[in-house]
Amino acid sequence: MSRPGRLGLALGADPSTLYRYFRGIDDLTLAIADELIGRAMRGWRPTGQWRTDLREIGLRIHAAYLAHPEAAVLTASRVSGRANEIAGDETLLGVLRSTGLPDPDVVRIYQAFVDQALAFAALDAASLALPEAARAADERVWHATYAELPAETHPNIAALAPLLVARMNDSAYPTALEMLLDSAEASIRRARRGGDRADT
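Using the working numbering, you'd call the opening residue of the sequence shown number 957 and step up by one each time.
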């Protein structure tokens, strides 16, 4: 069965219906990408606190993609240029510019923020998209293999095994997001110190 045929079956629609609204499978893929961003941003309201706002947006993007793992794997690397994506980008850039960062730093942090959110969404979604048996087998490796390695041959893994077992089957995205926000905060402090010196 063709990809449109499989997709039509999954959506409960005749494949010809899809072609009535989309120019082809790539057009549909971009529409799905834009819809995921729209779902992530739907209902979001700014607090005026840049770190709080960026954290919430990042977690919303990650959650929206993980709610539809097959679509996330298909679309996380795409740039749709459509309304929801553009609105999301405008919002992110506005939050970053509100900090007073120089424009090059705004763009640098914006790129890192977006790429990090989508990369973790794709990574975590790929795991969720696995067949249940394969995913369960991967998760058991930390308990059945790493936790059993002897300290004589693998002293670092053995020393950290309980912590690794407790963490490694969960997404690292929240931790990575906080690290990125820490880096952004350091950039903001440096920019403000530079501005203070320029005023004196």
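A portion of the hints provided could be inaccurate.
Stated by the list, open to error - What follows is a list of derived Cβ distance ranges for each label pair:
no.	residue 1	residue 2	range
1	E1141	D982	20 to 28 Å
2	L1116	D983	44 to 52 Å
3	S1139	A1115	27 to 35 Å
4	R1123	G980	40 to 48 Å
5	R1064	L1105	17 to 25 Å
6	E1088	L1015	42 to 50 Å
7	A1128	A1103	13 to 21 Å
8	R1146	I981	41 to 49 Å
By construction, these hints were calculated from the structure, which means they are not laboratory data.
Everything numeric in this text was worked out from a predicted model, so none of it was measured.
Ideal Cβ placement from N, Cα and C applies to all residues, glycine included.
Going through the hints against the structure:
Take E1141 and D982: their Cβ atoms lie about 39 Å apart, and the range 20 to 28 Å is violated. Evaluation of the 44 to 52 Å hint for L1116 and D983 yields a pass: the beta carbon distance comes to about 47 Å. In this structure, S1139 and A1115 meet the distance hint of 27 to 35 Å, their C-beta atoms being roughly 28 Å apart. The hinted window of 40 to 48 Å between R1123 and G980 holds, with their beta carbons roughly 42 Å apart.
For the pair R1064 and L1105, the beta carbons lie near 40 Å from each other, so the given range of 17 to 25 Å is not met. Distance hint check for E1088 and L1015: the Cβ-Cβ separation is about 25 Å, which falls outside the suggested range of 42 to 50 Å. A hinted range of 13 to 21 Å holds for the C-beta pair A1128 and A1103, which are about 19 Å apart. The supplied range of 41 to 49 Å is met by R1146 and I981, whose beta-carbon atoms lie about 46 Å from each other.
Consistency with the previously given hints fails for numbers 1, 5, 6, ordered from lowest to highest.
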